[in-house]
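Q: Here is how the chains run, residue by residue.
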Amino acid sequence: MAPILELSDVVKRFGGVTAVNRVSLSLEAGRIYGLIGPNGSGKTTLFNCITGVETRDGGAIRFKGQRIDGLKPHKIFHRGMGRTFQVIRVFPELTALENLLVVTTSGYTESRARAEELLRFVKLEGLANEFAGNLSYGQQKLVEFIRVLMTDPELILLDEPAAGVNRTLLNELLDAVRALRERGKTVLLVEHDMKVVMGLCETVFVLDHGEKLAEGPPGVIQSDERVIEAYFGR
Amino acid sequence: MRRWLPLGLGAVLALLSLYPLQATGYGIRFMLQMFMWIALAQSWNLISGLTGYVSFGHVAFFGMGAYSTGILITRLAWPWPIAALAGGVMAAVLALVIGWPCLRLKGPYFAIAMLGLNEVLRVIVSYYEGLTGGGNGLSLPTLYASVPIYYAMGLIAAAVTGLTYVVVTSRFGLRLMTIREDEVAAEAMGIDTFRYKLYAFLLSAVGPGIVGGLAARDQGYIEPTSVFPLITTITMIVMALFGGKGTIWGPVLGAVLLFTVQEMVWARFIYLHQLLFGAIIVGVVLLMPRGILGVLQQKYNLPRTI
Chain A
1 MAPILELSDV
11 VKRFGGVTAV
21 NRVSLSLEAG
31 RIYGLIGPNG
41 SGKTTLFNCI
51 TGVETRDGGA
61 IRFKGQRIDG
71 LKPHKIFHRG
81 MGRTFQVIRV
91 FPELTALENL
101 LVVTTSGYTE
111 SRARAEELLR
121 FVKLEGLANE
131 FAGNLSYGQQ
141 KLVEFIRVLM
151 TDPELILLDE
161 PAAGVNRTLL
171 NELLDAVRAL
181 RERGKTVLLV
191 EHDMKVVMGL
201 CETVFVLDHG
211 EKLAEGPPGV
221 IQSDERVIEA
231 YFGR
Chain B
1 MRRWLPLGLG
11 AVLALLSLYP
21 LQATGYGIRF
31 MLQMFMWIAL
41 AQSWNLISGL
51 TGYVSFGHVA
61 FFGMGAYSTG
71 ILITRLAWPW
81 PIAALAGGVM
91 AAVLALVIGW
101 PCLRLKGPYF
111 AIAMLGLNEV
121 LRVIVSYYEG
131 LTGGGNGLSL
141 PTLYASVPIY
151 YAMGLIAAAV
161 TGLTYVVVTS
171 RFGLRLMTIR
181 EDEVAAEAMG
191 IDTFRYKLYA
201 FLLSAVGPGI
211 VGGLAARDQG
221 YIEPTSVFPL
231 ITTITMIVMA
241 LFGGKGTIWG
251 PVLGAVLLFT
261 VQEMVWARFI
271 YLHQLLFGAI
281 IVGVVLLMPR
291 GILGVLQQKY
301 NLPRTI
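Just so you know, the sequences run in chain order A and B. All residue numbers for the first sequence refer to this note's numbering, where the first residue is 1 and numbers rise by one. All residue numbers for the second sequence refer to this note's numbering, where the first residue is 1 and numbers rise by one.
None of these hints come from the bench; they were simulated from the model. Please note: incorrect hints may appear among the correct ones.
No more than 20 Å apart at the CA atoms, straight line, and that leaves these computed lysine to any residue pairs for SDA-like [as the list claims (entries may be wrong)]:
#, chain 1, residue 1, chain 2, residue 2
1, A, 72, B, 184
2, B, 299, A, 133
3, A, 195, A, 219
4, B, 299, A, 134
5, B, 106, B, 184
6, A, 72, B, 198
7, A, 72, A, 57
Derived Cβ-Cβ restraints for the label pairs, each shown as a range [as the list claims (entries may be wrong)]:
#, chain 1, residue 1, chain 2, residue 2, range
8, A, 38, B, 229, 56 to 62 Å
9, B, 77, A, 72, 45 to 51 Å
10, A, 14, B, 135, 47 to 53 Å
11, A, 112, B, 109, 36 to 42 Å
12, B, 119, A, 117, 50 to 56 Å
13, A, 179, B, 301, 31 to 37 Å
14, B, 279, A, 11, 52 to 58 Å
15, B, 300, A, 195, 41 to 47 Å
16, A, 113, B, 107, 34 to 40 Å
17, A, 70, B, 107, 20 to 26 Å
18, B, 275, A, 58, 56 to 62 Å
A virtual CB, placed ideally from N, CA and C, is assigned to each residue, including glycine.
If we strip away everything but chain B, and leave its shape as in the complex, we get:
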């Protein structure tokens, strides 16, 4: 297991990096969006899977990144890769401002506060027309950059997953898990739980911020309802839960499986996929709250790194 996992991973990465050489436009866009979902589900996992603080408004960071990037490209003519990175920074700033008060809230109150944050951001963005274009949205200059964005999205998905690996295999990650396991005991055992939650929250905001910026560039047009939809948060949560929250590869697995199924069903029935998603949420919560990987880990006593 230990030997072929890095080998298999290397082979997959090599194939993915060669893929654009012979792919169709649809194929590129399909993969690019899959990378985006991996990055989103994995980022949600960093805060919610590890510390147990469920963020119900994680799309706020995606939207923050999208608008920051959109504004930097349209008003200041920044090159899109730099603008997208700046989107990540802005998302982290937002996480700091929001996390400072909200991470003192426990459990469900934090989830509700995050839900509120997303709604408030959407209203703010709609209101400040001068900067954001308001309800009319923001059109970015035309640019055909699917292949570079494919690589950029892939890189972010890999980076967030790599970050998760480093975190989960470190004592920092174990301490984040103690917050999920028993916050009072963690605090009593000398762990500065607030500071650890804040670090995890900041880390979890950067990926969605960058990915939001890349998605804005890719789509060429953003509006408040397209970058702050609740369904995006729900989708990343379902992907992480389905694959296995709190694990390294669970969110990747969940994103790949569910996004593929979603695309296949989507192509035929527009509304059925929401029904399917609802069914998956219910099924996962009832039958395997640990997700696919969580169940396998428990059954076969696998190490955390698998």
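Pulled out of the complex, with its shape left as it was, chain A reads as follows:
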């Protein structure tokens, strides 16, 4: 099967710093992938290149077989790729419900039904009309997560979904991610919590200093010497 997302030799530089250096990776549809690496290894920058928030300086990004590098983020989103951010980026002075409604372009009634269904899915229906900025950190994280699902994207990029989320909430979130896979969705997540990565991902990519260091099933990656060295030093 053709990969849903394919990166070939993607490069991103900030002045003299090469944040992403010739990274190539390929994602098959219907699987959960992890992207790990020490701080500053280029994970978020790579996310930004894929979603169009940053323009890459070299290489090609193909989504469903078509080039998407150079497209604006809103165009990429409407092709079926959604993302969350490492730092929460809900719209604080919009209600939880409105945060979801702004995303879709389909009819109001249809969008509203979808939004209410998603709020029930994460048990936030009681807070639908509360300003997103008034919700707790974890609740905001959930709003951001379901906001991505409003348009039913095929590929979902999650930047540190587990950070700052309590255990109960985290388990709900992980269940939701697994449920997405069962519906044939593809997920790529950046995560520092190794338990989450090991329990969820089928394939893990390791970045270090902007380069892809390793790729493989979590069990293999965990014992890879280069990976251990990157994290803990020699």
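Given the structure of chain A, go ahead and fit chain B onto it with the hints provided.
A: Positioned in the frame of chain A, the structure of chain B alone reads:
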């Protein structure tokens, strides 16, 4: 609340439409200018209150409308209502030309660019004497039309406020607010932020353009310094901030309160009102950045439509 708001609004509109029957000339002119400020503050609110892109040169659209209307009346003898509407169209054209490059700028850079636009327009208008009369200004044929202009100004103030109501209660308006809240996230969530900003900018230019044309007709004489003053931009910003930016009724409230106070103080002390305005800016920014209505909405958890 829901029941008496439309009733109260209807009563106010009815009173205002009957007002010229028994009003003095001063009363008419007072109200006419209040309508003008409502339209200006509300228009500024459409772009800056909703998207957070602060326009520091919004009087440029007012001046554009004033000169377009003035020229159409003096050179082509157009009737003033049509000429004023054409002023609105010209302001929108200007907004398109300026917005296309400038709305790609972020935050403070956009504010500075708009400030520059107003200065450049003033210089251009001063320079092209053949068309605009240059520094000597443009005298319009004498016409006593305070009452029709009163109605026209009132209509525009109501129309811009009605437009704001429609925008704020729609998903279009919510999307404009996402730009204010977090533009990067809005873009990542599929919102074509540039296009939305441009739409809001166009909408925000039409009102000042028409109102500028009506003011030109009302005053009968315009010159570059009288239709492009920075203080007009500052006044509309202060009115919108004071009443509550990003709300439907905030700019109306701010314009009514501040214009009334300004007129009352103005009558006694010419320069004191500038001092008062300065104090209000500082006070609002420090003590209640959301404005009167913003504070009330937050405190009593009122819906956006109030």
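Q: Each hint needs a verdict: does it hold in this structure or not?
A: Hint check results:
Pair hint residue 72 (chain A) plus residue 184 (chain B) holds up; C-alpha atoms about 11 Å apart against a cutoff of 20 Å. This hinted pair checks out: residue 299 (chain B) and residue 133 (chain A) have alpha carbons roughly 15 Å apart, not beyond 20 Å. Between residue 195 (chain A) and residue 219 (chain A) the alpha-carbon distance is near 11 Å, which keeps this suggested pair within the 20 Å criterion. A C-alpha spacing of about 13 Å is found between residue 299 (chain B) and residue 134 (chain A), which places the hinted pair at or below 20 Å, so the restraint holds.
Restraint check: the Cα-Cα separation between residue 106 (chain B) and residue 184 (chain B) comes to about 11 Å, which is no more than 20 Å; the hinted pair holds. For the hint linking residue 72 (chain A) to residue 198 (chain B), the alpha-carbon distance of about 16 Å falls within 20 Å, and the restraint holds. Under the criterion of a C-alpha separation no larger than 20 Å, the hint pairing residue 72 (chain A) with residue 57 (chain A) is consistent with the structure, at around 15 Å. A beta carbon spacing of about 57 Å between residue 38 (chain A) and residue 229 (chain B) agrees with the range 56 to 62 Å that was offered as a hint.
Between residue 77 (chain B) and residue 72 (chain A) the CB atoms are about 48 Å apart, so this pair conforms to the stated range of 45 to 51 Å. Judged by the Cβ atoms, the range 47 to 53 Å given for residue 14 (chain A) and residue 135 (chain B) holds: they are separated by roughly 50 Å. A C-beta distance of roughly 37 Å is found between residue 112 (chain A) and residue 109 (chain B), which places it inside the suggested range of 36 to 42 Å. Judged by the Cβ atoms, the range 50 to 56 Å given for residue 119 (chain B) and residue 117 (chain A) holds: they are separated by roughly 53 Å.
Between residue 179 (chain A) and residue 301 (chain B), the C-beta spacing of about 34 Å keeps the proposed range 31 to 37 Å intact. Distance hint check for residue 279 (chain B) and residue 11 (chain A): the Cβ-Cβ separation is about 55 Å, which falls inside the suggested range of 52 to 58 Å. Between residue 300 (chain B) and residue 195 (chain A) the beta carbons are some 45 Å apart, a value that agrees with the proposed interval 41 to 47 Å. Residue 113 (chain A) and residue 107 (chain B) have their C-beta atoms about 36 Å apart, which keeps the hinted 34 to 40 Å range intact.
Remark: the range hint 20 to 26 Å for residue 70 (chain A) to residue 107 (chain B) is upheld by a beta-carbon distance near 25 Å. Separation of residue 275 (chain B) from residue 58 (chain A) is about 58 Å and conforms to the stated range, judged on CB atoms against 56 to 62 Å.
When held up to the earlier numbered hints, the structure conflicts with none and fits them all.
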